[in-house]
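So the sequences go chain by chain: A and B. Mapping of the first sequence onto this note's numbering: position 143 corresponds to residue 143, and the numbering continues sequentially without gaps. Mapping of the second sequence onto this note's numbering: position 295 corresponds to residue 295, and the numbering continues sequentially without gaps.
No lab work stands behind these hints: they were computed from the structure. Source: prediction; values computed, not measured.
Simulated crosslink set (BS3-like; lysine-lysine; CA at most 30 Å straight-line):
#: 1; chain 1: A; residue 1: Lys128; chain 2: B; residue 2: Lys19
#: 2; chain 1: B; residue 1: Lys81; chain 2: A; residue 2: Lys132
#: 3; chain 1: B; residue 1: Lys81; chain 2: A; residue 2: Lys212
#: 4; chain 1: B; residue 1: Lys19; chain 2: B; residue 2: Lys81
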Amino acid sequence: MNSVRIEDAVKRFGSTRALDGVSLEASEGITGLLGPNGAGKTTLLKVLATVMSLDSGSIEIFGRDPSRHRHRLDIRRRLGYMPQEPGFHRSFTAFEFIDYVAILKEMTDRKARHAEVDRVIALTGLEKVAHKKIKALSGGMRRRVALSQALLGDPRLLILDEPTAGLDPEQRLRFREVMSRLGEERSILLSTHQTEDVAALCPRVIVMNHGKMLFEGTPKDLREVARGSVWFSEARAPEARLSWRTGEGVHRNIGTAPPGANLVDPSVEDGYLLLLGDEAFIEAAWRRSRQCAGRPWFTGRYR
Amino acid sequence: MVHRSLPVALSLARVEARKLLRNPMVILGTILSFVITIGVTWRDIPVLNRHDSLTVDALVPLAAAVLVAAHLATIRPRRYKTTELWDSLVTSDATMTAAHLLSALLLAFFALALVLVQLSYMKVIGGVATPRPAIILTGPALVAFAGGFGVALGRWAPRIFVAPLGLAGVVAVCTVLIGNTYQHNREWLSLWVSSEGLAGIPSELTLRPDGWRLGYFLGLVALAASVAFIPDASKRVLAASLATVALVGTFLVANQLTKESPRDLQRAITTQLQQGWTAPSCREYSSVAYCPMPGYEPWIDRWRRPTEGVLVAVPAGARPTDLRLLQAPGHTQRYDEDRNSFVSRWLDREGRRGALASETDIHPSMRWGRNSAQGESELSIALMVASRTIGLDSRFRLTEDDLQALGDPRGGNFKVGRRRSQCTSIEQGRAIVALWLAAQATGATEAEFASAAARVPYQAERADGPTYFDPLAWNLLGYTYGTSDDYRVLWGARETNYALQLLGRDQTEIRAVVAEEWSLLTDPATTTDQAAEVLSLRPLPSLEEAHDNWGLVYRGLKQWGTAPCH
Numbered sequence: 001m002n003s004v005r006i007e008d009a010v011k012r013f014g015s016t017r018a019l020d021g022v023s024l025e026a027s028e029g030i031t032g033l034l035g036p037n038g039a040g041k042t043t044l045l046k047v048l049a050t051v052m053s054l055d056s057g058s059i060e061i062f063g064r065d066p067s068r069h070r071h072r073l074d075i076r077r078r079l080g081y082m083p084q085e086p087g088f089h090r091s092f093t094a095f096e097f098i099d100y101v102a103i104l105k106e107m108t109d110r111k112a113r114h115a116e117v118d119r120v121i122a123l124t125g126l127e128k129v130a131h132k133k134i135k136a137l138s139g140g141m142r143r144r145v146a147l148s149q150a151l152l153g154d155p156r157l158l159i160l161d162e163p164t165a166g167l168d169p170e171q172r173l174r175f176r177e178v179m180s181r182l183g184e185e186r187s188i189l190l191s192t193h194q195t196e197d198v199a200a201l202c203p204r205v206i207v208m209n210h211g212k213m214l215f216e217g218t219p220k221d222l223r224e225v226a227r228g229s230v231w232f233s234e235a236r237a238p239e240a241r242l243s244w245r246t247g248e249g250v251h252r253n254i255g256t257a258p259p260g261a262n263l264v265d266p267s268v269e270d271g272y273l274l275l276l277g278d279e280a281f282i283e284a285a286w287r288r289s290r291q292c293a294g295r296p297w298f299t300g301r302y303r
Numbered sequence: 001m002v003h004r005s006l007p008v009a010l011s012l013a014r015v016e017a018r019k020l021l022r023n024p025m026v027i028l029g030t031i032l033s034f035v036i037t038i039g040v041t042w043r044d045i046p047v048l049n050r051h052d053s054l055t056v057d058a059l060v061p062l063a064a065a066v067l068v069a070a071h072l073a074t075i076r077p078r079r080y081k082t083t084e085l086w087d088s089l090v091t092s093d094a095t096m097t098a099a100h101l102l103s104a105l106l107l108a109f110f111a112l113a114l115v116l117v118q119l120s121y122m123k124v125i126g127g128v129a130t131p132r133p134a135i136i137l138t139g140p141a142l143v144a145f146a147g148g149f150g151v152a153l154g155r156w157a158p159r160i161f162v163a164p165l166g167l168a169g170v171v172a173v174c175t176v177l178i179g180n181t182y183q184h185n186r187e188w189l190s191l192w193v194s195s196e197g198l199a200g201i202p203s204e205l206t207l208r209p210d211g212w213r214l215g216y217f218l219g220l221v222a223l224a225a226s227v228a229f230i231p232d233a234s235k236r237v238l239a240a241s242l243a244t245v246a247l248v249g250t251f252l253v254a255n256q257l258t259k260e261s262p263r264d265l266q267r268a269i270t271t272q273l274q275q276g277w278t279a280p281s282c283r284e285y286s287s288v289a290y291c292p293m294p295g296y297e298p299w300i301d302r303w304r305r306p307t308e309g310v311l312v313a314v315p316a317g318a319r320p321t322d323l324r325l326l327q328a329p330g331h332t333q334r335y336d337e338d339r340n341s342f343v344s345r346w347l348d349r350e351g352r353r354g355a356l357a358s359e360t361d362i363h364p365s366m367r368w369g370r371n372s373a374q375g376e377s378e379l380s381i382a383l384m385v386a387s388r389t390i391g392l393d394s395r396f397r398l399t400e401d402d403l404q405a406l407g408d409p410r411g412g413n414f415k416v417g418r419r420r421s422q423c424t425s426i427e428q429g430r431a432i433v434a435l436w437l438a439a440q441a442t443g444a445t446e447a448e449f450a451s452a453a454a455r456v457p458y459q460a461e462r463a464d465g466p467t468y469f470d471p472l473a474w475n476l477l478g479y480t481y482g483t484s485d486d487y488r489v490l491w492g493a494r495e496t497n498y499a500l501q502l503l504g505r506d507q508t509e510i511r512a513v514v515a516e517e518w519s520l521l522t523d524p525a526t527t528t529d530q531a532a533e534v535l536s537l538r539p540l541p542s543l544e545e546a547h548d549n550w551g552l553v554y555r556g557l558k559q560w561g562t563a564p565c566h
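Bound conformation, chain A alone:
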């Protein structure tokens, strides 16, 4: 059974449609949400975290309707949520804060709760700073505190909004390790700007922009979007939509490759960048990818 099912979800803020007819289903495993700022990722995650309701469309989480009070409580008992800007009680220590959230998650047996807090602290490598005040922790450490609270109670659905923002490379590697282990037996939806994280972690990736889903598929599918559109050249290619000089001293170009171009294997980031290009460019990329991939990887309605 799917953990999450959304159909034709619409959420408006004034005249802005933060979610514009989004439909998706998710079951066990990690789903990465990619998209620029304002794409609607956070709104989608808030809706899934039962923090926000939809204006129209339907949503089911674990087969429950979050608009109904009792169902919402059932969902929340199986949910771990890390907001984009979680906020912390700065005068609390990391342990105290996570313990406080544990109580709010109805863990009332003190001994068992403290054991659970210790477990998530160990999972996120916070042991050494567990009893330091949060105000004394670095931004990266705070993200780990936020992640720890989301992991409390071993939730069946983890919703993480930009969990790797502010983490150093070592922390990100550790995060990937933890997530890959957790993702084996639960649903994880995470949003990020880091395409490397998606490539490394997510068997499934969704790209959003302007409240719509532009892409849903595997990272490999996303790479394929850019197949034939990435090439090296000695100088900046005038045909390229994006071009930058690499460490090796050559230019990596993305766009409509000229005949005879030195095509290279695309990355997930290339695919992502191509998807977020102008409408005509993306349409062309879509047609090209249809021809070579042979499977639909665009979902939703694209205009």
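Could you slot chain B onto chain A? The hints should help.
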């Protein structure tokens, strides 16, 4: 959901209570409560059925701190932007509100512990009588209300500046209520009352609506708690209904608080009179009867020290055989001015005061000093015992001679036969003996007397014009005035300085001379100069000479307007 919410609320309340206890404002409030208790009782032996009200006043700073801290705790999710995370959790706002209220309740138990510690401290430093249970609980109820009010403010107005504003509002309202105390007894509606008045008035003469006031506070607690739940949509109707009930209940109790029934008060005082004052339980030591009011028995030993210190220096044959120290309600400056003045009027009307103020008894008051004030209290008793032993009596009726000595004033209080309760011992030799007897009674009386005499040397003070004022007289008067309201002898600076000379000499020798010349020295007709000569004292300028030196004219007793002691 209650079966899950309650354990969550209790667990959260424990965490929040710990946080509140560690809040610097709360710590400061706790320290201040001790500072207030220690400060107020520094110079007074606590009387627990009076100073118990101090435990309420002492908790006011703590309550203020709890109000602000509870408010800050309630709005913490908003302050630190955790509302979004909290919204994704299963615990409801109502449960969190309940947790904050419960944490305030736990702080009330902490306040109760503080009260018990403070009462224990008062007992350890010599406190007497029994504290009133309703007052013991009033302070903690105040803290609970402050916490509840802080939570309610946090739920209704989650802005950081609201708590200080709310606190200022409460202070303003209470100040107005206390200001109206004399007309409508509205001071009982204030969260604190004027401890100056209440601590000074013996509780035996005060009808304090302790039970109603505790009920009023509990009503406020219920009101604040139910109002705190109203913003929560799922409990709005229930909370609003409870708030209405609490409001009505509090109003009804408040109405009782402002009703003062003279009949009830009279009944209470009559009971006191019957139980304590008119049928005192006395103990006799060395032919002196000590009759404290119920609860004040431990003070007998405190009265005995100066009493026996005076009597041991009096020749055996001259010691009074009917001396009785009968404790009576003391006189305070505010006593006749405040709302309890009708108690005084009632006592006069019933003739109780007259019955109490017998001609032979000494009336220690219901206050006893400690630390630096212990000497004052001992000197006060010693002065009264010495005066009575010598025969100086402030209670007499004016004679024609008195009026002549006073320059023949007529009218008003100056009529032959008019009862007086104040006299001057200036120019009476026996005053030197009385002052010396009192001063030498104990180490504390000697130190206090020397200190008082040194503060006010024998000299003139100029005010607006060239007048002579004898401040020492008033200074020593203060001792007896603060301790007993029915024994007022004015002492002169000249006699005091002679007594000071006696203290500096060999006491055995002085006692021998005093014993030998007792009849002469205690004769009302013996002048200060004659007594000084008998006692071989270094002569001091007479009042006339001193006035001449100062360029003033001595006008005799007319100068003080007070009749000489008989």
